[in-house]
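Chain order of the listed sequences is A and B. For the first sequence, my numbering gives the first residue as 324, with consecutive numbering after it. For the second sequence, my numbering gives the first residue as 7, with consecutive numbering after it.
It is possible that part of the hints are untrue.
Okay, derived cross-link-like pairs now, DSBU-like style, lysine-lysine, Cα gap no bigger than 35 Å in a straight line [stated by the list, open to error]:
| hint | chain 1 | residue 1 | chain 2 | residue 2 |
| --- | --- | --- | --- | --- |
| 1 | B | Lys284 | A | Lys381 |
| 2 | A | Lys633 | A | Lys654 |
| 3 | B | Lys308 | A | Lys633 |
| 4 | B | Lys196 | B | Lys277 |
| 5 | A | Lys589 | A | Lys470 |
| 6 | B | Lys76 | A | Lys493 |
| 7 | A | Lys591 | B | Lys75 |
| 8 | A | Lys436 | B | Lys187 |
| 9 | B | Lys75 | A | Lys589 |
| 10 | A | Lys633 | B | Lys277 |
| 11 | B | Lys196 | B | Lys308 |
| 12 | A | Lys401 | A | Lys470 |
No lab work stands behind these hints, which were simulated from the structure alone.
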Amino acid sequence: MLKEALASKKCLIVCGGGGVGKTTIAASLGIAATRLRKRVLVVTIDPSKRLAEAFGFKEESLINGGEPLLLSAEVKAKLGIAPENELSVGILNAKYVLNQIVEQTLTPIQQQKLKNTVLYANMSNMIYGLQEYTAYEWVTRMIQAGKYDFIVLDTPPAAHAKDFFNVPDKVKNLMESRVFQIFMPKKKNWFTSVMNFSWVEKLLGERIFSESRIFFETFATLRDRILERCEWLSRFFTQQEVAVVAVSTVEPFAQFELQGLIAFLKQKRIPLQSVILNQVEVRQSAAQDATLTEYQEYLSENPVLANKIKLLHERREGLVERAELRVENIKKNLAGQEMIVVSMTYDEDGFEILRSSSEQIQAF
Amino acid sequence: MSENLSFDPAPIVRDLRRINLITGKGGVGRTTLAATIARASAAQGKRTLLAEIEDDSGWESPLARFFGKKHFAGEPEALEKNLSAICISASSGQEDFLNSFLKISTLTHMVMSNQGIRWFLDGAPAFREMGFFYHLLMQLRKDYEVIILDLPATGHMVGLARLPNLLLKMIPFGPIADRLKEGQQFFYDKKQTAAWIVTLPQTLPVSEAIELKHALEEEQIPLGGFLLNRAPFNPFTEEEGQILESFSLKSKTHRLMIDLERIRRLREAEKRLSEEMKDHVWIAPETFNPMEEADFGSRIRKLGENA
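Start from the sequences and build out the full structure, keeping to the hints where you can.
Below you can see the structure in the form of structure tokens.
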């Protein structure tokens, strides 16, 4: 049961495709957990302005700061969280974490050399796996700090969630590969002598080659630390204290991604706690129409408008019916899997959306 | 105006440029629109190439799935009459480039199959993007009349657009620089290229679409327009809309309130996007049944033009 997981696990990883409302669900899960526990942290990867605003933070302080912020007593009260419980929200800023790693581990001269490269300034997000690794680094730090009883972790969209879980292996492979060994200080082997890189330099030009070299050298120095983190997190993910929640809408595309995700988790032997179907259109009652007497009178005198409204209702009915059918099919396909349906809300207020979805999750 | 013309099966095809970059946040229906527009273009007799960027997750491609396939190949393959598709991949691009440089394909193959080189190309910053860029460039040189590129995510688009300028700082001369300059000519030429931003009629997606437009302008990528997807059915005239709003429909669960709220958001989105790019907003309706889905391409209409 998700409720039990919220009350007893150490960490909840939220996965799902793009645009399914993953960040909102992650925040709602954090709220639901804080109604049960003392110190909860929600970490999101997406710099979501709406989320920051909904929680009453000024966007800049959350994104630029890089460190999690505590929810104010006022916001907690409105969300039904006990005053003695704490909910923190952190938005991951890859650049900030990378800078921190560099500053903590490299000598000032090494730092300067790295930061002067065009690559570091503009393209660090283009390094394969680095974005995910910084997420890892940060999360590890948050967990190891022991400040939180429970961490809800929002991940990048579905296909990348695979990258996310594969990071330890990928980084390990990369770090142990020969290309890194070439750049390892004082570690010459047969490969270095056989492999002559001068033609690569000729092909690419001197500057980009030397910049890449600085990069590899830097990361070769960080090798042991990176490997240790990866090992630790690999073990952490397979622990009983971690649960995965998959978020999806009922749209065919999102379902397609959800199936891929479920298959991947199975293959990796990462247990799936729950599936949350988000933004599901639900049927609205027609009963209230009759109570609007003024409106009904107006319509009876305006058949053209009345007809258009009828048409509108019919189309929406079609939309709702299709959504119901889809939910049914998904339940059939994933029989035995815990599933929570969160309805589509047409509220403009981000705070209201959070409150509504956290209540729906809790009520389940 | 268009009313006097004979029925146009998919008016958006008229406005396509040779190179069309379909972009937008996840979940907005970008891939569906890319497939639909490519089909509509081919149906009008234009030799069309539909391209997607490789996703290294190894999962099935949602775009290929539209055409009953799991993946597209690294070389164009024919799907339907006038329509071919390709998957743009970093390794194909890197290999193509080495081939053109080394001139001997066996040598290229040897270099590319070297594990150390592979790790270098995968791991070194920007090398994957360079591979994508070159593979794409090879397709742009071919004689397709229309190329539709489904870009994976917002960040990628800006990254790809920024790449030539950044790399030229580091590689000002030589064979790579020549290719980058050639690519720039394709990307920044508004006679040939247009970026299309897909979004939804909701406040946040519209704001994100506008932010993306500004980012693309900064990179000097020419813009085709906004594609406002899943637009709810709106049968009302402006006047009728005002009348309906005058009734106080307060309850959030009232069914008319929700319908009107959806329409209100559509109107607001249309207004905001029109303010950004007047006469360049296209509306793709929310579909309700397979009939409408099959006919989707012709249902995409320019805002302000009658069906």
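| query | Holds or violated: are the alpha carbons of Lys589 (chain A) and Lys470 (chain A) at most 35 Å from each other? | reply | Given that 35 Å is the threshold and the Cα spacing comes to 31 Å, the pair holds.
| task | Measure nothing beyond the straight line between the CA atoms of Lys284 (chain B) and Lys381 (chain A); if it is 35 Å or shorter, mark the hint as holding. | result | 33 Å, holds
| Is Lys76 (chain B) within 35 Å of Lys493 (chain A), Cα to Cα? | Distance of about 25 Å is within 35 Å: holds.
| Would the pair Lys308 (chain B) and Lys633 (chain A) pass a check requiring their Cα atoms to be no farther apart than 35 Å? | The hint holds at about 26 Å.
| said: Against the 35 Å threshold, does the CA-CA distance of Lys196 (chain B) and Lys308 (chain B) hold or violate the hint? | reply: 20 Å, holds
| message | Just to be careful, I want the Cα atoms of Lys75 (chain B) and Lys589 (chain A) compared with a cutoff of 35 Å; is the pair within it? | response | 24 Å, holds
| field | Given pair status - Lys470 (chain A), Lys401 (chain A), alpha carbons within 35 Å | value | 24 Å, holds
| task | Please work out if Lys633 (chain A) and Lys654 (chain A) have their alpha carbons no farther apart than 35 Å. | result | 32 Å, holds
| field | 35 Å limit on alpha-carbon distance, applied to hinted pair Lys633 (chain A) and Lys277 (chain B) | value | With a Cα-Cα distance of about 26 Å, the restraint between Lys633 (chain A) and Lys277 (chain B) holds, given a limit of 35 Å.
| said: What's the verdict on Lys436 (chain A) and Lys187 (chain B), does the C-alpha distance respect the 35 Å limit or exceed it? | reply: Given that 35 Å is the threshold and the Cα spacing comes to 29 Å, the pair holds.
| task | Quickly compare the C-alpha distance for Lys591 (chain A) and Lys75 (chain B) to 35 Å and report which way the hint goes. | result | Measuring from Cα to Cα gives roughly 25 Å; hence the hint holds.
| query | Quick one, are Lys196 (chain B) and Lys277 (chain B) close enough, alpha carbons at most 35 Å? | reply | Cα-Cα ~25 Å, so holds.
Every hint from the earlier list agrees with this structure, and none is contradicted.
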